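S.K.: Each chain, written out:
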Amino acid sequence: MLELKQISAFYGNIQALDRISIQIPEGSIVTLLGANGAGKSSTLKVISQLLPIKSGTMVYKNEDISNLEPNEIVKRRIIHCPENRQVFPKLTVEENLIIGSYLRRDKDQIKKDLSDIFSYFPILKERLKQYASTLSGGEQQMLAIGRALMGNPKVLLLDEPSLGLAPIIVNQIFEIIQEINRKGTSILLVEQNANLALRIADYGYILENGRIGLEGRAEFLRNNDEISKYYLGGKSHAANLY
Amino acid sequence: MLLELKKVTVSFGGLTAVNNLDLQVDEGMIFAIIGPNGAGKTTILNCISRFYTPCSGQISFKGENLLTKKTHKVLASGISRSFQNVELFSKMTVLDNLLVGLHPSLKSSLLSNAFKTKKNKQEEEAAKEIAFEILELFDLKHHANEEVRNLPFGIQKMIDIGRAIISKPKLLLLDEPVAGMNIEETKKNAELITRLRDEFGITILMIEHDMSLVMNISDRIAVMDFGKKIAEGTVTEVQNNPKVIEAYLGEVQEDVGT
Amino acid sequence: MAGQIIIGGLAAGSLYALAALGLILIFKTSDIVNFAQGEMAMLITFISFTFLTVTKLPYFVSFLLSLVIAFIFGMAVERIFMRPVQKAPILNQIILTFGLYMVFRGVAGIIWGYTPVGFPEALPNKHFNYVGITITINQIFIFVVTTILMLGFYLFFKHTKIGLAMRASSQNIATAKLMGIGVSSVFTRTWGISAILGGIAGILIAPVTFLDPNMMGEVGIKAFAAAILGGFTSLPGAIVGGLLIGVFEGLIAGYVSSELKSVFVFALIILVLYVKPTGILGEKITKKV
Amino acid sequence: MKIKRLQILFISILLLGYPLLVGFSSYFIYVAGLFIIYAIMAMSLNLLTGFGGQISIGHAAFLAIGAYTTAILTLKLGLPFWLNLPLSGVITAIVGFLIGLPAVRLSGHFLAIATLAFGLAIPEIMLKWEGLTGGFAGLFIEKPSLFSSDTSFYYFTTVIALIITWLILNLLKGNFGRAFVAIRESEIAAEAMGVNVSLYKTLMFSISAFFTGIAGSLYAYFVGFISPHDFNMNISLIVLAMIVLGGLASITGSILGAFILTIIPQVADRFPGFTITITGAALILTILFLPNGLISLFNYKWKRKKTENKQLSLEG
Amino acid sequence: MRKWLVNSLIMIICLVLAACGGTNSSTTSTKNAKEKSSVKNSQGVTDDEILIGGWVPQSGPAAQWGILAEVYQSYFNKVNADGGVNGRKLKYIAIDDEYQPSKTVAAAKKLVEQEKVFAILGTTGTAHNKAVKPYLTQKGIPVVAVASGDSAFVKPAVKNYFALQTNYDIEARIFSTYANKELKAKSVGIFYQNDDYGIVYRDAAVEELNKLGIKVAAQESYNPTDVDFSAQALSMKKASPDVVFLFASPKPAASFLKEFDKIGGSAERMLTYTSADSTMIDLAGADVMEGVLSTTWVKSLKDKDNPLIKEYVDQISKDIPKQDPNSVFMRSAWAYAQVLVEGLKRSGDNLTWENFIKQMETLKDWDGSLAYNVTYTSDYRYGQTSVKISQFKGGELVDISDVIKYEP
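If you read the sequences in order, they're chains A, B, C, D and E.
Take the first sequence: its position 84, counted from the start at 1, is 84 in UniProt numbering, and no numbers get skipped.
Take the second sequence: its position 245, counted from the start at 1, is 245 in UniProt numbering, and no numbers get skipped.
Take the third sequence: its position 210, counted from the start at 1, is 210 in UniProt numbering, and no numbers get skipped.
Take the fourth sequence: its position 41, counted from the start at 1, is 41 in UniProt numbering, and no numbers get skipped.
Take the fifth sequence: its position 107, counted from the start at 1, is 107 in UniProt numbering, and no numbers get skipped.
These aren't lab readings, by the way, just hints derived from the structure by calculation.
What you are looking at is a predicted structure, and each value in this text was computed from that prediction instead of being measured.
Just so you know, not all the hints are guaranteed correct.
As the list claims (entries may be wrong) - SDA-like cross-link-like pairs, simulated, lysine to any residue; straight-line CA separation at most 20 Å: (1) C:K161 to A:L103; (2) C:K87 to D:L172; (3) E:K211 to E:P408; (4) A:K90 to C:G282; (5) C:K126 to E:E290; (6) E:K302 to E:P408; (7) B:K70 to D:L199; (8) C:K56 to C:L123; (9) E:K133 to D:L75; (10) B:K107 to D:N196; (11) B:K118 to D:L167; (12) C:K56 to E:D282; (13) D:K128 to E:A218; (14) E:K215 to E:E268; (15) E:K91 to D:R270; (16) D:K143 to E:Q138; (17) B:K116 to D:L172; (18) E:K159 to E:K302; (19) C:K87 to D:F289; (20) C:K87 to D:S186; (21) B:K118 to D:L169; (22) B:K116 to D:F289; (23) D:K128 to C:A267.
Unchecked claim - Quick list of the computed label-pair ranges, beta carbon to beta carbon: (24) D:S145 to E:G83: 48 to 54 Å; (25) A:G27 to B:C55: 36 to 42 Å; (26) E:K215 to C:V68: 34 to 40 Å; (27) B:E184 to A:S55: 23 to 29 Å; (28) D:L16 to E:G348: 43 to 49 Å; (29) C:V54 to E:K393: 26 to 32 Å; (30) A:E175 to C:F156: 16 to 22 Å; (31) C:I72 to E:V313: 28 to 34 Å; (32) C:V54 to E:L308: 51 to 57 Å.
In this text, a Cβ means the ideal position worked out from N, Cα and C, and glycines have one as well.
Let the hints inform the model, and build the full structure from the sequences given.
M.R.: Written out as structure tokens, the structure reads:
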């Protein structure tokens with residue numbers, strides 16, 4: 001459904017992505033893995049057009065969307081939930097959620113989505129009138145995901161939803177991600193915690209220094225010790241120590 | 001004992017970042033603090049380097065109370081640090097970055113600086129020599145006169161460490177020294193850290209996520225979770241601590257176990 | 001006497017507050033201090049004056065017409081000049097708006113000359129006396145307009161989707177883009193709106209300062225002072241800052257020295273900033289290590 | 001570094017030979033003298049703002065304090081000029097130190113506005129303090145007998161300017177300069193490296209004020225007459241514009257900026273009413289098209305030449 | 001190496017260009033000056049041209065004075081259209097000094113040394129004129145009609161300086177005498193601008209009032225840039241003087257009068273000649289201005305039959321149609337230029353500074369300009385000290401007295 005073909009991108013003079021090709025089939029969970037600075041977040045930024053594409057094309061539902069403005073991407077219901085939560089600290093929880101539906105005009109559906117989100121994350125309903133800055137890290141992550149869901153995504157780009165969260169909350173969030181996926185949203189998941197991500201993903205890409213080092217079905221990647229040892233560096237190495 | 005934290009608690013607006021922490025670092029050790037993001041690790045470093053003041057507890061260094069010292073006096077007392085996302089002076093050259101690390105030890109006055117007296121010249125020359133020694137050690141000599149912002153991240157990280165050790169501290173605080181580095185660079189850095197301890201006698205307190213590095217070179221490891229220390233010990237002790245496995249490596253452990 | 005001084009101070013203060021609103025609006029959304037704000041207001045006032053005298057339109061018609069032009073003018077300034085420096089260092093932005101200030105003032109001088117002319121008041125000039133304190137209907141009008149504008153914008157920011165989008169853009173540009181907000185068009189519109197605010201300020205201030213290219217000089221500086229004192233990000237802060245300065249300088253002029261009133265105002269600002277570096281109603285800026 | 005030395009050397013030879021070049025015309029020497037004085041001021045502001053990262057929009061106030069100190073010391077106390085010159089610097093430096101104190105707590109726009117307030121307040125105080133300053137009527141200052149003609153005082157000014165340039169370059173190269181730039185780049189890291197950030201910020205203000213005070217003293221002697229008209233907010237902004245126009249954190253850039261913004265009004269004064277429009281337009285165009293200042297034009301060309309040469313040699 | 005070469009090349013080009021610009025203009029004028037004249041004229045004079053210069057702020061805080069330059073040019077247009085002065089056309093150079101004394105110094109040097117003008121006409125700003133006085137005195141170039149009424153230019157008389165507009169000091173004394181004699185004032189309040197202009201008035205008025213035994217009930221000052229005068233108006237009302245003197249420029253004077261009227265202040269109000277025109281009615285409104293007294297030293301446009309007035313109105317409406325010819329600035333400027341040209345006419349073909357100064361001193365109660373009775377002698381350089389008292393009545397300013405002459 002969404003396809004990146006030979007995409008390259010730069011931060012100033014520094015190359016962030018080098019001819020990346022990725023496919024996200026409808027209804028799937030695809031994960032991007034790799035070390036810090038490998039280009040995972042940059043890939044998401046390229047899709048949401050926060051980072052301009054230098055070369056290569058991006059196709060969504062047979063339409064070339066390589067040169068659109070970020071709001072055009074959002075209009076096509078490709079929603080990016082950025083790293084480090086990035087909630088608007090001086091907006092209330094409610095306002096944060098409303099701003100997530102900025103481009104939508106379907107008032108009834110918005111209401112329904114809002115109640116869906118409250119069923120996923122009941123805590124948000126309790127905190128509705130609080131400033132987002134007063135939430136805990138886990139709550140902020142929930143808010144960020146909730147806010148992204150308010151855009152009624154067809155494709156959801158999730159950047160490290162587990163970052164800095166206690167395992168119990170991580171489990172909870174990953175279950176919700178699967179739930180969302182089951183309802184028909186395709187997901188591109190960026191994770192540092194490879195094993196965690198590969199557990200729920202259908203397909204995975206491993207990035208190294210802005211290139212795709214390896215790709216394959218999740219089970220294949222999960223069970224390939226050599227590969228995970230090499231590409232996942234310390235994480236799997238440490239894991240192997242147990 | 002070189003550094004000792006006693007019952008240190010830090011909180012920001014109701015949120016407790018570090019809770020009642022005790023920590024002891026002996027001289028000549030490589031001491032690692034690990035734990036998930038947001039566990040309060042960087043906060044500890046910031047307390048030791050006096051950017052934060054804990055709400056309660058004590059920190060002493062070489063038996064001296066560190067909490068009475070101002071931030072800019074910490075380096076002179078023998079504690080230096082590197083930064084998580086490299087806080088280099090990006091529009092300065094590599095050489096100048098290192099020279100700022102020598103700031104407290106340069107004694108010439110404003111006037112002798114402005115008039116470039118002989119004493120000042122000699123001092124500057126001597127400082128440059130030291131800087132070049134460090135560059136030699138890091139194999140960065142050819143970058144000496146380049147602006148830091150034009151260099152790759154890996155090299156910037158090295159310079160960050162170089163700037164921290166140029167003043168020959170007793171204790172070096174490293175905040176994720178290999179984050180964003182590839183395997184090669186990580187290896188190189190691991191060697192370097194060990195050398196710093198062995199050849200220069202610098203005690204090292206580091207925060208790191210890269211377990212290969214931590215497990216390979218640390219003498220002692222403390223594990224933090226949600227502001228609390230949940231375990232401390234040698235590599236094997238920590239690795240076999242079920243609390244650690246559950247809190248920090250939980251998900252992974254389950255996978256590997258099957 | 002003190003009562004009258006305070007009334008006079010409040011009247012002057014509401015002028016400062018009015019002029020400060022546009023400054024704050026721009027700073028709040030795009031983090032730019034617009035040194036040309038007063039000069040933009042002056043240009044719009046001249047345009048309104050041209051409608052009044054050359055085309056002989058009625059007061060409120062030319063008022064509204066010039067505000068329409070103000071909106072377009074503000075947006076054009078953002079598009080042409082400010083867009084390219086959006087990410088530039090503060091200093092470049094300051095110097096750019098300073099350059100605009102010079103050009104606007106110079107161009108106005110070339111077109112309309114520097115001889116001051118009278119400008120009609122919004123309402124027929126009547127004044128009331130109450131226990132020896134005099135107040136004119138236009139002073140009340142300015143105060144009411146300023147308060148309504150402040151409240152209006154407060155509600156606009158709080159309760160409309162565009163207002164929300166503006167607040168979101170001011171907090172985090174990248175994430176705002178991810179919400180589908182056209183951040184750049186938000187900035188453009190902000191400049192348009194702030195030019196309207198400037199226009200309203202200019203047209204209401206002109207009867208007091210008279211109309212010439214230098215008309216906003218003193219008021220502009222006091223507006224800065226008001227904005228800073230109030231915290232520069234807070235709309236109610238503008239009113240608090242403006243009124244405080246108006247009354248304070250009135251009292252200094254009345255009881256200490258009329259020439260030193262500005263010096264005392266500046267000393268007050270430095271003092272306030274020293275005690276509370278973000279102004280009276282400013283938000284606390286936290287630094288991350 | 002070497003290139004910079006040569007540049008300065010060349011500029012100094014040019015400046016010293018300049019009176020010959022213009023046939024000792026008192027007008028041209030006067031304008032050149034103003035340029036040199038503004039160049040000193042621009043360099044000292046650049047030290048503070050370009051290198052140290054502390055914005056000041058009230059620098060004309062320091063110029064005013066230097067100029068008035070000289071005038072008052074000469075007229076009221078009858079002190080000789082070799083004493084006045086350094087004293088003006090010292091007194092201005094003390095004021096600079098006091099202004100630097102709040103600056104420690106402020107940054108960015110708030111510092112800008114605080115210094116603006118200072119810059120606006122000083123001329124008004126000069127105005128009010130009539131007994132000492134002559135108010136708007138101003139004060140006349142005779143040139144010192146040793147340098148009584150425009151030309152000889154021009155030479156004196158040039159030599160002082162060259163010395164100040166040398167001192168500033170030395171400072172920037174040494175420990176203090178590194179600390180200043182370090183503060184601009186990262187206050188946190190500077191603090192961690194043992195730089196006493198608060199102290200150094202006030203120090204920067206003092207040093208910058210010191211040199212500006214000297215410029216003020218030279219100004220008083222050179223123009224021969226001072227009044228609060230000469231030290232308004234526009235002057236502060238123009239000097240700020242000089243350093244941005246020439247190139248932040250570049251000494252040659254400051255000199256270039258001072259040169260251009262002293263010359264523009266002299267050329268533009270024959271198009272009455274267009275002076276500020278032309279100056280303003282020059283500022284806008286520079287910011288839009290040369291955001292790193294005019295100096296980047298030279299650096300860029302030079303760099304491109306270098307790479308071109310490299311390519312050529314590769315092909316060859 | 002190449003970098004500094006490029007730099008230095010550009011520097012050289014700039015400087016050489018600047019230098020050439022300067023030498024070019026000077027060579028042309030000296031070359032022209034050399035042509036056949038039998039008498040050796042001073043600089044700025046050729047067989048068919050006389051060069052006149054001056055500075056006026058055309059931008060900056062005092063840019064409203066910039067209009068003076070246009071009036072000078074307009075008058076010279078008229079003279080040139082009538083055939084010039086003894087066959088020579090007048091050429092006028094204005095320099096914008098932005099109301100900064102340091103730039104005024106540059107302007108003066110430029111006019112004298114680069115442009116090589118014959119005389120300097122109607123230059124603005126008391127401080128600014130003072131700043132260049134030593135230089136111009138030393139050069140000896142004729143300076144006609146300094147646009148400032150400060151005593152520094154007439155007391156003591158300086159050989160090359162010719163003032164024209166009524167001296168501030170003198171006007172303040174005329175105010176005081178009038179308040180005493182005609183208004184029978186017991187107390188006077190003074191509202192003045194806190195600068196070289198207002199303070200001269202204040203000092204003279206206070207001295208004269210004390211002499212006359214009139215109480216100075218209040219002295220309220222303001223800064224030239226101020227916009228809010230409510231505090232001053234209030235203090236003035238509280239002091240309740242019989243007469244208020246306003247030593248202020250038009251904008252503040254209008255604001256103050258409005259404010260004073262609003263809070264119910266009542267007193268006779270006397271306004272300096274700087275503000276004595278219809279601008280005040282425009283700014284403050286006819287109601288507020290009703291009854292306000294002023295002085296005028298230039299002839300009123302009321303006297304339409306006077307050929308001097310007619311020629312003024314005709315020429316100004318032609319050259320500066322945008323402006324109201326009634327403006328006191330413009331009438332004054334016209335008078336300045338008239339006096340200069342009269343001096344040039346009397347100098348005939350002998351256009352040296354020496355002769356010009358000598359001929360200027362032959363003006364005795366000369367009534368050929370918009371000013372009344374212009375006189376210069378070797379130690380009397382006031383030009384004139386004659387005023388009429390005028391009053392705002394029914395939306396216009398009318399003279400209510402004959403010419404009053406004050407002997408300094």
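S.K.: Next step is simple, just say for each hint if it's right about the structure.
M.R.: Here is what the structure says about each hint:
1. C:K161 to A:L103: Distance of about 10 Å is within 20 Å: holds.
2. C:K87 to D:L172: With Cα atoms ~27 Å apart, K87 of chain C and L172 of chain D exceed 20 Å; violated.
3. E:K211 to E:P408: Given that 20 Å is the threshold and the Cα spacing comes to 16 Å, the pair holds.
4. A:K90 to C:G282: Distance ~13 Å between K90 of chain A and G282 of chain C Cα, so the pair holds.
5. C:K126 to E:E290: Given pair K126 of chain C, E290 of chain E holds - Cα atoms ~18 Å apart, limit 20 Å.
6. E:K302 to E:P408: violated, 29 Å
7. B:K70 to D:L199: Cα-Cα ~13 Å, so holds.
8. C:K56 to C:L123: The given pair, whose Cα atoms are some 17 Å apart, holds under the 20 Å limit.
9. E:K133 to D:L75: Roughly 19 Å between the alpha carbons, so the hint for K133 of chain E and L75 of chain D holds.
10. B:K107 to D:N196: holds, 14 Å
11. B:K118 to D:L167: With Cα atoms ~15 Å apart, K118 of chain B and L167 of chain D stay inside 20 Å; holds.
12. C:K56 to E:D282: Holds, at roughly 17 Å.
13. D:K128 to E:A218: Measuring from Cα to Cα gives roughly 18 Å; hence the hint holds.
14. E:K215 to E:E268: OK: K215 of chain E and E268 of chain E at ~15 Å, within 20 Å.
15. E:K91 to D:R270: Judged against 20 Å, a Cα distance of about 14 Å means the pair holds.
16. D:K143 to E:Q138: holds, 15 Å
17. B:K116 to D:L172: holds, 11 Å
18. E:K159 to E:K302: violated, 36 Å
19. C:K87 to D:F289: holds, 14 Å
20. C:K87 to D:S186: holds, 19 Å
21. B:K118 to D:L169: holds, 16 Å
22. B:K116 to D:F289: Roughly 38 Å between the alpha carbons, so the hint for K116 of chain B and F289 of chain D is violated.
23. D:K128 to C:A267: holds, 15 Å
24. D:S145 to E:G83: 48 to 54 Å: holds, 52 Å
25. A:G27 to B:C55: 36 to 42 Å: violated, 50 Å
26. E:K215 to C:V68: 34 to 40 Å: Violated: the Cβ-Cβ distance is about 56 Å, outside 34 to 40 Å.
27. B:E184 to A:S55: 23 to 29 Å: holds, 28 Å
28. D:L16 to E:G348: 43 to 49 Å: With a Cβ separation near 48 Å, L16 of chain D and G348 of chain E satisfy 43 to 49 Å, so the hint holds.
29. C:V54 to E:K393: 26 to 32 Å: 30 Å Cβ-Cβ, so the 26 to 32 Å window holds.
30. A:E175 to C:F156: 16 to 22 Å: violated, 40 Å
31. C:I72 to E:V313: 28 to 34 Å: Violated, since I72 of chain C and V313 of chain E (Cβ atoms, about 41 Å apart) do not stay within the stated range.
32. C:V54 to E:L308: 51 to 57 Å: violated, 32 Å
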